[in-house]
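Asks: Below are the chains, spelled out letter by letter.
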Amino acid sequence: MLTKEQAQKIIAKALSFSTFPECDISLNSSERAFIRFALNDVTTSGFTVEQSLSISSVRDGQSGSTRVDEFDDDALREAVKRSEQLAMIAPPNPERVPPLEKQKYPDFENYAASTAGARNQAMIPHIRAIIDGAKANKLVAAGFFERSAETAAVANKQGNFGYGRATDAGLSATLRNAAGTSSGWASQPAVLIETIDGAAVAKTAIDKCLRWKEPRRLDPGKYTVILEPTATGDLVQMMGFGMQARAAEEGRSFLSKPGGGTMAGEKLFPEFVTLRSDPFNRLYSSLPWGGGGGFGFGGGGGGGGLPAEPITWIENGVVKNLFYDRYWAAKAGKQPTPFPNRLVLEGGGKSLDQLIAGVDRGLLVTRFWYIRVVNPRSMQVTGLTRDGVFLIEQGKLSAPVMNFRFNQSPVEMLKNTVAMGTPIRVRGGEGQGMIAPAMVVKDFSFTSISDAV
Amino acid sequence: MLNSGLTRRAFIGSGAAAALATRLFAAPDGATTPNPELEKLGAAALREATKLKASYADIRIIRYRQQFLTVRLNPERGTGKILEVPVVSDGGSFGFGVRVIVDGAWGFAASPLVTQEEIARMIGEAVAVARANAAIRSKPLELAPVPVYRTRWQTPHERDPFAVPLEEKLDLIRTAAAEVKKEKGVFSSNCILSFRSEDKYFASSVGSSIQQLNLQTYGMVNATATDFKRGISKSRRYQPQQVTAGYEYVPLMNLVENAQRIRTEVIEHLNAPPVTPGKKDLVLMPSHLWLTIHESIGHSTELDRALGYEANFAGTSFLTTDKMGSLRVGSDLMNIWGDRTTDRGLATTGYDDDGVKATKFPIIEKGIFKHYQTIRDQAHLIGEHESRGCCYADNWASVPFQRMPNVWLEPGKSGTNLEDLISGVEDGILIDGDGSFSIDQQRYNFQFGGDAFWEIKHGKKQGMVSRVAYQSRTTDFWQSLDQIAGPSYWQQWGAPNDGKGEPEQINSVSHGCSPARFRQVNVIQTD
Numbered sequence: 000m001l002t003k004e005q006a007q008k009i010i011a012k013a014l015s016f017s018t019f020p021e022c023d024i025s026l027n028s029s030e031r032a033f034i035r036f037a038l039n040d041v042t043t044s045g046f047t048v049e050q051s052l053s054i055s056s057v058r059d060g061q062s063g064s065t066r067v068d069e070f071d072d073d074a075l076r077e078a079v080k081r082s083e084q085l086a087m088i089a090p091p092n093p094e095r096v097p098p099l100e101k102q103k104y105p106d107f108e109n110y111a112a113s114t115a116g117a118r119n120q121a122m123i124p125h126i127r128a129i130i131d132g133a134k135a136n137k138l139v140a141a142g143f144f145e146r147s148a149e150t151a152a153v154a155n156k157q158g159n160f161g162y163g164r165a166t167d168a169g170l171s172a173t174l175r176n177a178a179g180t181s182s183g184w185a186s187q188p189a190v191l192i193e194t195i196d197g198a199a200v201a202k203t204a205i206d207k208c209l210r211w212k213e214p215r216r217l218d219p220g221k222y223t224v225i226l227e228p229t230a231t232g233d234l235v236q237m238m239g240f241g242m243q244a245r246a247a248e249e250g251r252s253f254l255s256k257p258g259g260g261t262m263a264g265e266k267l268f269p270e271f272v273t274l275r276s277d278p279f280n281r282l283y284s285s286l287p288w289g290g291g292g293g294f295g296f297g298g299g300g301g302g303g304g305l306p307a308e309p310i311t312w313i314e315n316g317v318v319k320n321l322f323y324d325r326y327w328a329a330k331a332g333k334q335p336t337p338f339p340n341r342l343v344l345e346g347g348g349k350s351l352d353q354l355i356a357g358v359d360r361g362l363l364v365t366r367f368w369y370i371r372v373v374n375p376r377s378m379q380v381t382g383l384t385r386d387g388v389f390l391i392e393q394g395k396l397s398a399p400v401m402n403f404r405f406n407q408s409p410v411e412m413l414k415n416t417v418a419m420g421t422p423i424r425v426r427g428g429e430g431q432g433m434i435a436p437a438m439v440v441k442d443f444s445f446t447s448i449s450d451a452v
Numbered sequence: 000m001l002n003s004g005l006t007r008r009a010f011i012g013s014g015a016a017a018a019l020a021t022r023l024f025a026a027p028d029g030a031t032t033p034n035p036e037l038e039k040l041g042a043a044a045l046r047e048a049t050k051l052k053a054s055y056a057d058i059r060i061i062r063y064r065q066q067f068l069t070v071r072l073n074p075e076r077g078t079g080k081i082l083e084v085p086v087v088s089d090g091g092s093f094g095f096g097v098r099v100i101v102d103g104a105w106g107f108a109a110s111p112l113v114t115q116e117e118i119a120r121m122i123g124e125a126v127a128v129a130r131a132n133a134a135i136r137s138k139p140l141e142l143a144p145v146p147v148y149r150t151r152w153q154t155p156h157e158r159d160p161f162a163v164p165l166e167e168k169l170d171l172i173r174t175a176a177a178e179v180k181k182e183k184g185v186f187s188s189n190c191i192l193s194f195r196s197e198d199k200y201f202a203s204s205v206g207s208s209i210q211q212l213n214l215q216t217y218g219m220v221n222a223t224a225t226d227f228k229r230g231i232s233k234s235r236r237y238q239p240q241q242v243t244a245g246y247e248y249v250p251l252m253n254l255v256e257n258a259q260r261i262r263t264e265v266i267e268h269l270n271a272p273p274v275t276p277g278k279k280d281l282v283l284m285p286s287h288l289w290l291t292i293h294e295s296i297g298h299s300t301e302l303d304r305a306l307g308y309e310a311n312f313a314g315t316s317f318l319t320t321d322k323m324g325s326l327r328v329g330s331d332l333m334n335i336w337g338d339r340t341t342d343r344g345l346a347t348t349g350y351d352d353d354g355v356k357a358t359k360f361p362i363i364e365k366g367i368f369k370h371y372q373t374i375r376d377q378a379h380l381i382g383e384h385e386s387r388g389c390c391y392a393d394n395w396a397s398v399p400f401q402r403m404p405n406v407w408l409e410p411g412k413s414g415t416n417l418e419d420l421i422s423g424v425e426d427g428i429l430i431d432g433d434g435s436f437s438i439d440q441q442r443y444n445f446q447f448g449g450d451a452f453w454e455i456k457h458g459k460k461q462g463m464v465s466r467v468a469y470q471s472r473t474t475d476f477w478q479s480l481d482q483i484a485g486p487s488y489w490q491q492w493g494a495p496n497d498g499k500g501e502p503e504q505i506n507s508v509s510h511g512c513s514p515a516r517f518r519q520v521n522v523i524q525t526d
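Chains X and L supply the protein sequences, listed in that same order.
Numbering-wise (numbering that gives the first Met the number 0), the first sequence opens with residue 0 and increments by one.
Numbering-wise (numbering that gives the first Met the number 0), the second sequence opens with residue 0 and increments by one.
Please keep in mind that the hints were generated in silico from the structure rather than gathered at the bench.
Hints are not guaranteed to be accurate.
[Unchecked claim] Here are some of the chain L residues that sit facing chain X, going by a computed Cβ distance under 7 Å:
1) Arg76
2) Pro85
3) Asp89
4) Trp105
5) Val128
6) Asn132
7) Ile135
8) Ser137
9) Lys228
10) Tyr308
11) Val398
12) Ser437
13) Tyr443
14) Gln470
15) Glu501
[Stated by the list, open to error] Residues from chain X that face chain L, not an exhaustive set, calculated with beta carbons under 10 Å:
16) Lys256
17) Arg371
18) Arg404
All C-beta atoms in this analysis are idealised placements derived from N, C-alpha and C, irrespective of residue type, glycine included.
Input sequences plus hints: build the corresponding full structure.
Replies: Have a look at this one:
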């Protein structure tokens, strides 16, 4: 992967070829090692190296972008030239923002050399623990162990330059019985690969699978649910996309006020609901930028590349901030904000057992699957429960239950939340995941039964 | 004005490494065998793999190019003045991936540096991966036999989309977006054109050497309307059939004519009454039904899912191997093919990423499940002796595995028209375009929305309704199929972003069908 000095050299070379007043560059290099397993056996596995350079050139409001993954002088020269040729043909972009001046990026790094250097030998003992656990319980294991490392740089012709490194790892496993009538799942994302514990992941998934036997068919309808942290994260992470000021002002968001305007400053949720972005949380490994637009990268258009910083979106139930990219912020007379990722939903102090003990009748949900937006205006989404649903009666788990399809807005769900557990970092089957607690929600809407296991 | 003829050849001709790519992927007239330099790189990879005692090896050297053009028209904040916001990008990627089998286990490695030295280094990395994995491998891999090919193939096309001047493309999408915005009630509009090429060389230790060019052409025009007083926002999209073809397909999209249609329909959608929920008959247009075929039949008939290879991510399948050849999935009218040869299909190609020639095979015959989609290392697990050619990786840095071919529904009898389907419905909904979609991990329970919905009453199409989704169970749904329009209605819609696998990969796939009627499906009213 590219060091800071190598990145500086490549970027300086690319910028030296620029003939336009503006040239934004974003440079990435990454390495990934992974093992996939299924049927108690390893299946596919690999080690990959990738790199790319994105260039956006602007003159007189006209902008053109390109991407290359070859960094020799000729390739860089031609790529810059190509972006300029594209810009000369493109119509002027009236929503373009001026290039960033030199930024002061936070001196923050949560890069784990142990994760970046790990190869299959470091991962195999954990996979072996899962497969051995499966065989000992006459179950069938499938799963995925991956570690990734990246270095990235952003720069422009105005002298801005930033460099950062990040690492991440994750192990997940699905344990099913041989007849395919029961399934359990567990996952552990971590910045430090040495904190991943295959035996613990196996234990949780095996326990779920063994307990979720011969599930009962309950009628669909509204239920009090306890969402395990992954299930909470599966739905609440979708709210990040709903925080955009532009969509709210243009009448396309749950934060749009009927008749015009936004819900900023209004108390929509219970007092104990606080949702933040925290790129500096040690459970995440973040790059030092992420503000101002797009998805945090420096290339033109969205006007991103502002320093990373924490921000609170919902504070004690009140909509505190909306997401403003640099263009919309300038139009609205606001400061641009970081993009709503690296989410943290603050919780209460209760354990999952304590939450269960407080519910007279309800359902415990392990996680959700295939979640898709039905109505972007209300944020209604549909999806299904997966890998373990259990009936709770009089504060105790009483019986496994068949999976349900739900139609539910995470916004309404947060409004109906009555208690929360301790937040942990989670990553389900879809999306980047977040830091989320277990929570108790009233009137969660299940609309049909699924036969799936 | 600068001539924007950044042709594919000129584009990939930039840079030193890129100059290599230009030479490698050049297509001299009449050439029937791969470029000799590519063959040299391939041979070097295979030699190194043999040296390191791989029992099988292959290499894919790939160059991608993607051009993306869009224009959005929307009111400026504060003034209401209509702004035209363009995005113009044109980028590429070039690299290679190698696979080996050592000690009965797979290993894979990939790099963007296409040199003999780096290829040899990555073969070593792939062998190291395989050796490490062999420690927990319980059964050695077995590959179905494949004939040896030394050939070239390319997507049939008349006009290289990258050779068409950008000005011509921008004129088209600006005109289409402006046509939508002519309707005063439309808040914003946008139009997209996108082109993707995949130059791919494949060599394997079986002896095959195959060079291919796959070309994809996409377009889209969209309208959004908002009623601030009522707090409602609706959109209407025209998504032309996404195809493997050249620029000759773009005029057939009729973007401008359809822009004029959707600007009216989005207003009708905004003002349409909500559907009354309940059991209703559905008449589903090909622009909608493709996605239901994809999710409920395409994915459930993937062998890797049925066996459990996807259990930790995309899921398994209700079509377990004991059901092959016997389970009734749908009515007698239901005949479904897996097909990587169909004209303009997104998954259409010459050879798959195992080096297997593209095939066509029955998946469902008269409602009965007959065959799975397979690749070389899985065919023997269900007693079959050859792969059905469904191996694909979405990038040079991705591991090839089983991906969906085009999966299409045979049309009904000649002469059966859409009006025949509608006239037989007492209380139903006609659905055009795709909307929200969700299905469980074994492909039983699904819910689909759509892009536009019309009520059918007493055999006649009525006005639009809104807030429609239907929920069903795959076998219940397909057994309720009672009429399909004839071959003249058959169209092929699809998507370039079907997700599967860990790390997740995407796949481009088409699902042809004619309009079809389904009886008494559960329709719900959404938000």
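Asks: Would you list, in rising numerical order, the hints stated earlier that this structure does not obey?
Replies: none
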